[in-house]
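Protein chains: 2
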Amino acid sequence: MTSRFPDAGAVGVGGFVRDDTPTPEVDRREAVMASLAGTVRELVDATIRTTVADDEVHRVRDELAALVDRLRAAQLPGPAGIRYNSEMRAWNWGNAVVGAANAIAPPLDVVHGPSGCHADVVLGAAYEGPPGLVHGGVSAMLLDHIMGVTASAMRRTTFTGTLTMRYRRGTPLGPLRLEASIVREEGRKVFVVASISDADGVTVEADGVFIQPAGTPTADG
Amino acid sequence: MTSRFPDAGAVGVGGFVRDDTPTPEVDRREAVMASLAGTVRELVDATIRTTVADDEVHRVRDELAALVDRLRAAQLPGPAGIRYNSEMRAWNWGNAVVGAANAIAPPLDVVHGPSGCHADVVLGAAYEGPPGLVHGGVSAMLLDHIMGVTASAMRRTTFTGTLTMRYRRGTPLGPLRLEASIVREEGRKVFVVASISDADGVTVEADGVFIQPAGTPTADG
Numbered sequence: 001m002t003s004r005f006p007d008a009g010a011v012g013v014g015g016f017v018r019d020d021t022p023t024p025e026v027d028r029r030e031a032v033m034a035s036l037a038g039t040v041r042e043l044v045d046a047t048i049r050t051t052v053a054d055d056e057v058h059r060v061r062d063e064l065a066a067l068v069d070r071l072r073a074a075q076l077p078g079p080a081g082i083r084y085n086s087e088m089r090a091w092n093w094g095n096a097v098v099g100a101a102n103a104i105a106p107p108l109d110v111v112h113g114p115s116g117c118h119a120d121v122v123l124g125a126a127y128e129g130p131p132g133l134v135h136g137g138v139s140a141m142l143l144d145h146i147m148g149v150t151a152s153a154m155r156r157t158t159f160t161g162t163l164t165m166r167y168r169r170g171t172p173l174g175p176l177r178l179e180a181s182i183v184r185e186e187g188r189k190v191f192v193v194a195s196i197s198d199a200d201g202v203t204v205e206a207d208g209v210f211i212q213p214a215g216t217p218t219a220d221g
Numbered sequence: 222m223t224s225r226f227p228d229a230g231a232v233g234v235g236g237f238v239r240d241d242t243p244t245p246e247v248d249r250r251e252a253v254m255a256s257l258a259g260t261v262r263e264l265v266d267a268t269i270r271t272t273v274a275d276d277e278v279h280r281v282r283d284e285l286a287a288l289v290d291r292l293r294a295a296q297l298p299g300p301a302g303i304r305y306n307s308e309m310r311a312w313n314w315g316n317a318v319v320g321a322a323n324a325i326a327p328p329l330d331v332v333h334g335p336s337g338c339h340a341d342v343v344l345g346a347a348y349e350g351p352p353g354l355v356h357g358g359v360s361a362m363l364l365d366h367i368m369g370v371t372a373s374a375m376r377r378t379t380f381t382g383t384l385t386m387r388y389r390r391g392t393p394l395g396p397l398r399l400e401a402s403i404v405r406e407e408g409r410k411v412f413v414v415a416s417i418s419d420a421d422g423v424t425v426e427a428d429g430v431f432i433q434p435a436g437t438p439t440a441d442g
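If you read the protein sequences in the order shown, they are chains A and B. If you're matching positions, the first sequence starts at 1 in my numbering and goes up one per residue. If you're matching positions, the second sequence starts at 222 in my numbering and goes up one per residue.
Misleading hints may appear alongside valid ones.
[Unchecked claim] Chain B regions said to be covered by chain A (calculated; three or more residues, Cβ under 8 Å):
id, region
1, 261-273
2, 335-349
3, 380-394
[Stated by the list, open to error] A short list of chain A residues far from chain B (calculated; beta carbon distances all over 12 Å):
id, residue
4, T23
5, N85
6, H112
7, P114
8, S115
9, G124
10, A125
11, R156
12, V193
13, A199
14, G201
15, G215
These aren't lab readings, by the way, just hints derived from the structure by calculation. Beta carbons: idealized from backbone N, C-alpha and C, even for Gly.
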């Protein structure tokens, strides 16, 4: 699935929320949320790896529950969705892969280049599947995201049609690079290839077909 | 009883760690870890949705950092891996999809039946992609996992070879069902199909080829 910045014509529809917070305030709040989420990511890792005694775990849990209550003193009624203001600054802090406020997201920092996208990421204990290796489903999740943003190219809406992963070997936890590029377009279909690599080369390859909804502009009209 | 867990005598072989903690103590510690992780999941959700003032967010973050330090007072040197004891009780509390101690995992509770596996799960704000919908990559992650355990059928080792997802429509956040079954086996290849459904039917379909490593028993010898 591809999340993107809405066209002016899409204003107020499809779950995108118009929010006229001035851009400097959005930027400031984003930094505050990212700082909190960074510490929550540390907590996720510490929770997996801790070997402290049971009674200490229970005490930490109880103090944690009190912090949850403080954050819930004022909150959105549901998921964060995607917001944008009148300057077309958009933010999706809750996104599972790139959301600044989502501790599940590594978060992936996708860099858009002339021939595609890439992202460097370091995956720790929270992303494990087989011992010492990235969970194959996590690889699929990250590839789906970078392929989606590559297909939409920050200028159009696309939805994932099909996605195929080929696992070449285990992907070790640690520093990894994702790369994705468009190989061709046919009507409303955008064909994308992608990979995950460690220092020794490619571990997972993927290809996907992304669809532009009917009624939106396409490369060949 | 405040003994640390796991025992210092644990020995690793191929990433799987032999750990002769008695099964009742493993069960007890698992419940302790799951209780903490449950509260961390609440925190992940609250962090995404909170609208409390910046100052309060910073105060919560600082108190949270102190709790992280307390959990890190004694911890595993790296990812949790997979452990098993002499009774062949195995535990992978750090797994990204099913780990009891991993707040990234929903966690998925996979039920093994005579004709395949299924899992009922409720996905909240932390799993969002497009507004109100499950991130397509999260769908891929969960499908990869349930297909893998279906292929291995709790009695053999299999690795994901290829995996193809077909996105039929957006998957809404909320209650969902995953189903997976083996359609055929050829030599060391196991062919699996799977789906995600909401109350209105299938949203994502998948098929995958899983490979049994050379030298392990296969269905046709």
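Hint-by-hint comparison with the structure:
1. With 11 residues having a Cβ less than 8 Å from any Cβ of chain A, the region 261-273 of chain B passes the three-residue criterion, so the hint holds.
2. Counting residues of the region 335-349 of chain B whose CB lies closer than 8 Å to any CB of chain A gives 5, which reaches the minimum of 3, so the coverage claim holds.
3. A stretch counts as covered by a chain when three or more of its residues have a beta carbon under 8 Å from one of that chain; for the region 380-394 of chain B and chain A the count is 11, and the coverage holds.
4. Consistency note on T23 (chain A): stated as away from chain B, and its beta-carbon is indeed over 12 Å from all of that chain's, at 17 Å minimum.
5. Non-interface call for N85 (chain A) relative to chain B: holds, since the shortest CB-CB distance, roughly 16 Å, exceeds 12 Å.
6. For H112 (chain A), the condition that its CB be more than 12 Å from all CB atoms of chain B holds, with the nearest at approximately 18 Å.
7. With a closest Cβ-Cβ approach of about 25 Å to chain B, P114 (chain A) is found to remain outside the 12 Å limit, as its non-interface label requires.
8. Every beta carbon of chain B lies more than 12 Å from that of S115 (chain A), the smallest distance being close to 23 Å; the non-interface claim holds.
9. At roughly 7 Å from the closest C-beta of chain B, the C-beta of G124 (chain A) falls inside 12 Å, breaking its exclusion from the interface.
10. For A125 (chain A), the requirement that its beta carbon stay farther than 12 Å from each beta carbon of chain B is not met, with the minimum near 4 Å.
11. No beta-carbon of chain B comes within 12 Å of the beta-carbon of R156 (chain A); the shortest separation is about 14 Å.
12. With a cut of 12 Å on Cβ distances, V193 (chain A) stays outside the contact zone with chain B, its closest approach being about 14 Å.
13. With a least beta-carbon separation of about 18 Å from chain B, A199 (chain A) lies farther than 12 Å from that chain, consistent with its non-interface assignment.
14. Separation of G201 (chain A) from chain B is adequate, the least Cβ-Cβ distance of about 18 Å exceeding the 12 Å criterion.
15. The claim that G215 (chain A) lies off the interface holds: its Cβ sits roughly 17 Å from the closest Cβ of chain B, which is beyond the 12 Å cut-off.
In summary, the structure is inconsistent with hints 9, 10 from the numbered list given earlier, while agreeing with the others.
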